[in-house]
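Put chain B on the given structure of chain A with help from the hints.
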Amino acid sequence: MSREKKQKQGKREKQESHRTRWFWVFVGPFLLGLVVFTYVPLGWSVYLSFFDAHNTVTPTEFVGLGNYTALLRDDAFTSSLWTFCLFTLFIVPTTYAASLALALMVNRLRRAQAFFRSVFFLPAACSYVVAALIWKMSLFNGVRFGLANTLLGYVDADQIAWLSTTDPPWYWLVIVTVRLWLQAGFYMILFLAGLQRISPTLYEAAAVDGARPGWQVFRHITFPQLRTTSVAVVLLLVINAFQAFDEFYNLLSDARGYPPYARPPLVYLYYLALGQGQNLGLGSAGAVLLALIVAVVTIGQARWFGLGRKEADA
Amino acid sequence: MSSRTGNSGLRDDGLVRAGRALRLALLVALALLFLVPFYLLVRNGLATEQEITSPDWTFFPTDLQWGNVTELFEDSSVPFARSLLNSALIAVATTLGTLVLASLAGYGLARIPYRHANKVFYAILGTLMVPAAVTFVPSFVLVSSLGWVSTLRGLIVPTLFSAFACFVFRQYFLGFPGELEDAARVDGLGYWRTYWRVVVPNSRPVFAAVGTIVFIGAWNSFLWPLVIGQDQNSWTVQVALSSFTTAQVVRLHELFVAAAVSILPLLLVFLLFQRWIVAGVERSGID
Numbered sequence: 001m002s003r004e005k006k007q008k009q010g011k012r013e014k015q016e017s018h019r020t021r022w023f024w025v026f027v028g029p030f031l032l033g034l035v036v037f038t039y040v041p042l043g044w045s046v047y048l049s050f051f052d053a054h055n056t057v058t059p060t061e062f063v064g065l066g067n068y069t070a071l072l073r074d075d076a077f078t079s080s081l082w083t084f085c086l087f088t089l090f091i092v093p094t095t096y097a098a099s100l101a102l103a104l105m106v107n108r109l110r111r112a113q114a115f116f117r118s119v120f121f122l123p124a125a126c127s128y129v130v131a132a133l134i135w136k137m138s139l140f141n142g143v144r145f146g147l148a149n150t151l152l153g154y155v156d157a158d159q160i161a162w163l164s165t166t167d168p169p170w171y172w173l174v175i176v177t178v179r180l181w182l183q184a185g186f187y188m189i190l191f192l193a194g195l196q197r198i199s200p201t202l203y204e205a206a207a208v209d210g211a212r213p214g215w216q217v218f219r220h221i222t223f224p225q226l227r228t229t230s231v232a233v234v235l236l237l238v239i240n241a242f243q244a245f246d247e248f249y250n251l252l253s254d255a256r257g258y259p260p261y262a263r264p265p266l267v268y269l270y271y272l273a274l275g276q277g278q279n280l281g282l283g284s285a286g287a288v289l290l291a292l293i294v295a296v297v298t299i300g301q302a303r304w305f306g307l308g309r310k311e312a313d314a
Numbered sequence: 315m316s317s318r319t320g321n322s323g324l325r326d327d328g329l330v331r332a333g334r335a336l337r338l339a340l341l342v343a344l345a346l347l348f349l350v351p352f353y354l355l356v357r358n359g360l361a362t363e364q365e366i367t368s369p370d371w372t373f374f375p376t377d378l379q380w381g382n383v384t385e386l387f388e389d390s391s392v393p394f395a396r397s398l399l400n401s402a403l404i405a406v407a408t409t410l411g412t413l414v415l416a417s418l419a420g421y422g423l424a425r426i427p428y429r430h431a432n433k434v435f436y437a438i439l440g441t442l443m444v445p446a447a448v449t450f451v452p453s454f455v456l457v458s459s460l461g462w463v464s465t466l467r468g469l470i471v472p473t474l475f476s477a478f479a480c481f482v483f484r485q486y487f488l489g490f491p492g493e494l495e496d497a498a499r500v501d502g503l504g505y506w507r508t509y510w511r512v513v514v515p516n517s518r519p520v521f522a523a524v525g526t527i528v529f530i531g532a533w534n535s536f537l538w539p540l541v542i543g544q545d546q547n548s549w550t551v552q553v554a555l556s557s558f559t560t561a562q563v564v565r566l567h568e569l570f571v572a573a574a575v576s577i578l579p580l581l582l583v584f585l586l587f588q589r590w591i592v593a594g595v596e597r598s599g600i601d
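Protein sequences appear in the order of chains A and B. The first sequence: position 146 = 146 (our numbering), numbered continuously. Numbers in our numbering are just positions in the second sequence, counted from 1, shifted up by 314.
In case anyone wonders, no lab produced these hints; they're calculated from the structure. Only a predicted model underlies this, so the values are computations on that prediction, with no experimental measurement involved. Among the hints, erroneous ones may be present.
Selected chain A positions facing chain B (in silico; Cβ < 7 Å) [to be verified]:
{"hint": "1", "residue": "Leu34"}
{"hint": "2", "residue": "Pro41"}
{"hint": "3", "residue": "Trp44"}
{"hint": "4", "residue": "Phe120"}
{"hint": "5", "residue": "Leu133"}
{"hint": "6", "residue": "Gly283"}
{"hint": "7", "residue": "Ala287"}
{"hint": "8", "residue": "Thr298"}
Taking CB as the label site, the calculated pair distances span [to be verified]:
{"hint": "9", "chain 1": "A", "residue 1": "Ile299", "chain 2": "B", "residue 2": "Leu585", "range": "38 to 44 Å"}
{"hint": "10", "chain 1": "B", "residue 1": "Gln364", "chain 2": "A", "residue 2": "Ser199", "range": "55 to 61 Å"}
{"hint": "11", "chain 1": "A", "residue 1": "Thr165", "chain 2": "B", "residue 2": "Ala339", "range": "31 to 37 Å"}
{"hint": "12", "chain 1": "A", "residue 1": "Tyr47", "chain 2": "B", "residue 2": "Ala497", "range": "47 to 53 Å"}
{"hint": "13", "chain 1": "A", "residue 1": "Val46", "chain 2": "B", "residue 2": "Leu410", "range": "29 to 35 Å"}
Covered, in the sense of this in silico footprint (three residues per stretch, anywhere, with C-beta under 8 Å from a C-beta of chain A), are these stretches of chain B [to be verified]:
{"hint": "14", "stretch": "418-428"}
{"hint": "15", "stretch": "434-442"}
All C-beta atoms in this analysis are idealised placements derived from N, C-alpha and C, irrespective of residue type, glycine included.
Next comes chain A alone, as it looks inside the complex (with noise of 0.2 Å):
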């Protein structure tokens, strides 16, 4: 090799050693805080899940797989998780084409478009604490004041305990309104972003192929153009799902504590962690479980809309 190729081969490693000091000098304070507050918790939750470890952060005692099996055997845990899965199933679908039904609305309007959208954007400003306790006590308070109930009143219907009966479980109204309202905004933001990229030539196309503006647009321009977005917005409204403690913390527990119905296993986990058993091991043991069942639900859907996108171009 020449000199002047080594030189040359000299300097390029030297800038490259220079690029990479300076990529780390930016990365690495956040990637170092990742570790630090998220990948080390993550480990250690494993880890303590597999010890019985009562009131401390230093487990005691080699359990195995001890506790996931109590939490699988215990009706609480596992009536939680299918608490979780009712109100996703539910959720999910409702809010989607709430806020999908909200976008087309609002991207149709010619004048006060704005207005809207901030209107039905603004619950966003709120938290799950302050909806829940509107909620709680004035729209659907169980005795006469509420809205709810003085609305029913004016018709002569019977008062309604909505929080506390559960039969019928008219807590489930509650609770899917007050995240209904909190969200729909949000997502319907996204939508009309979406809605805002569909090329206008798609629908002068469709147009001049006799497609008639409503129902026969929206399914075959529309929808299919929203694509990406609906695969986000599902995604996301699936995570927030089984992230939910605040509203039902806030909605159902009392001085008392929380009644043994629509537990999400968030709460379920909360109680037994940091209640009075500090049961870190099983609580360890149940948030493995239930990053397990995200990661699989996130993935599955990942490649359940993946597949599709292949049919759809072959």
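This is chain B only, laid out in the frame that chain A set:
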């Protein structure tokens, strides 16, 4: 023939107009429905306890009880002012910290060539799949072993590393015009100074968008502050509100006025930055 199409065109016009009116009516009705909870919040916050619980429900309270606000701040059983201050400190610190850390990382990933940059990126992206709430047990264990329970540190530091924010910044910087940076290089600036003097000043909208989204998230977050804020002095506004709703004796007028006060800062941020929030959500690049 032509007259027939003309007729049907007229009829269609009428139909279209009717359809538009119907849609507008539906939208107005829905908008009112969406505003009802806000109205209830204000109405109950400015009513007397009797008026909130009265079976003879009225649309407007007979006279507005502005005294509820002072009563809330004078009530010593709940440290509401303190919790507001905590929330403000946490939200501001989290926002600033996240913006610095995530934007640097996003820039590095997008603009500094490094052989394993993609692997690093996927390691960061992967944490988006881990629902944050699922790691709360081990995170609590970690923070408590650091002795950070009930401290602002414990409430802020673990939330600073948002993979979502990093992702948005990376996507944004990937599309950043290279000419500006090239000009800076010619002037002899290194990565560090190019970033601070050229890239950041030219990227204000994305900072505003991510900043407001992070701020809203930090202000509204509940589970983590609930887990970590174990004594009253470290409560955030959300935890304080929640303690109101789960308490045995509830002073409703105070509760509602507290909730109304708690969303004021966000409504302000919201009104000021709405355009950017919308742009940020759109850009969050969920696709």
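>> A:Gly283 was flagged as interface toward chain B. Is the shortest Cβ-Cβ separation under 7 Å?
In response: 4 Å, holds
> A:Thr165 and B:Ala339, beta-carbon distance inside 31 to 37 Å?
Replying inline: Distance hint for A:Thr165, B:Ala339 holds at roughly 35 Å.
>> So is the stretch 434-442 of chain B in contact with chain A by the C-beta rule, three or more residues under 8 Å, or is the coverage claim wrong?
In response: n = 4 at 8 Å, threshold three: holds.
> Does A:Ala287 pass the interface check with chain B, least Cβ-Cβ distance below 7 Å?
Replying inline: 5 Å, holds
>> A:Leu34 was flagged as interface toward chain B. Is the shortest Cβ-Cβ separation under 7 Å?
In response: 5 Å, holds
> When the nearest CB of chain B is found for A:Pro41, is that gap smaller than 7 Å?
Replying inline: With Cβ-Cβ at 4 Å, under 7 Å, it holds.
>> Does A:Trp44 hold up as a contact with chain B if the rule is Cβ-Cβ below 7 Å?
In response: Constraint on A:Trp44 satisfied, holds at 4 Å.
> Counting residues of the stretch 418-428 of chain B whose CB is closer than 8 Å to a CB in chain A, do you get three or more?
Replying inline: That given contact holds, which follows from 8 residues of the stretch 418-428 of chain B lying within Cβ reach (below 8 Å) of chain A.
> Are A:Leu133 and chain B close enough, Cβ to Cβ, to be under 7 Å, as the hint says?
Replying inline: 5 Å, holds
> Can the suggested window of 38 to 44 Å be confirmed for the beta-carbon pair A:Ile299 and B:Leu585?
Replying inline: Since A:Ile299 and B:Leu585 have Cβ atoms about 40 Å apart, the given range 38 to 44 Å holds.
> Taking the CB of A:Val46 and the CB of B:Leu410, does the distance hold inside 29 to 35 Å?
Replying inline: 33 Å, holds
> Quick one, is the A:Phe120 hint okay against chain B at 7 Å, beta carbons?
Replying inline: OK, holds: A:Phe120 within 7 Å of chain B, min 6 Å.
In summary, the structure agrees with every hint in the numbered list given earlier.
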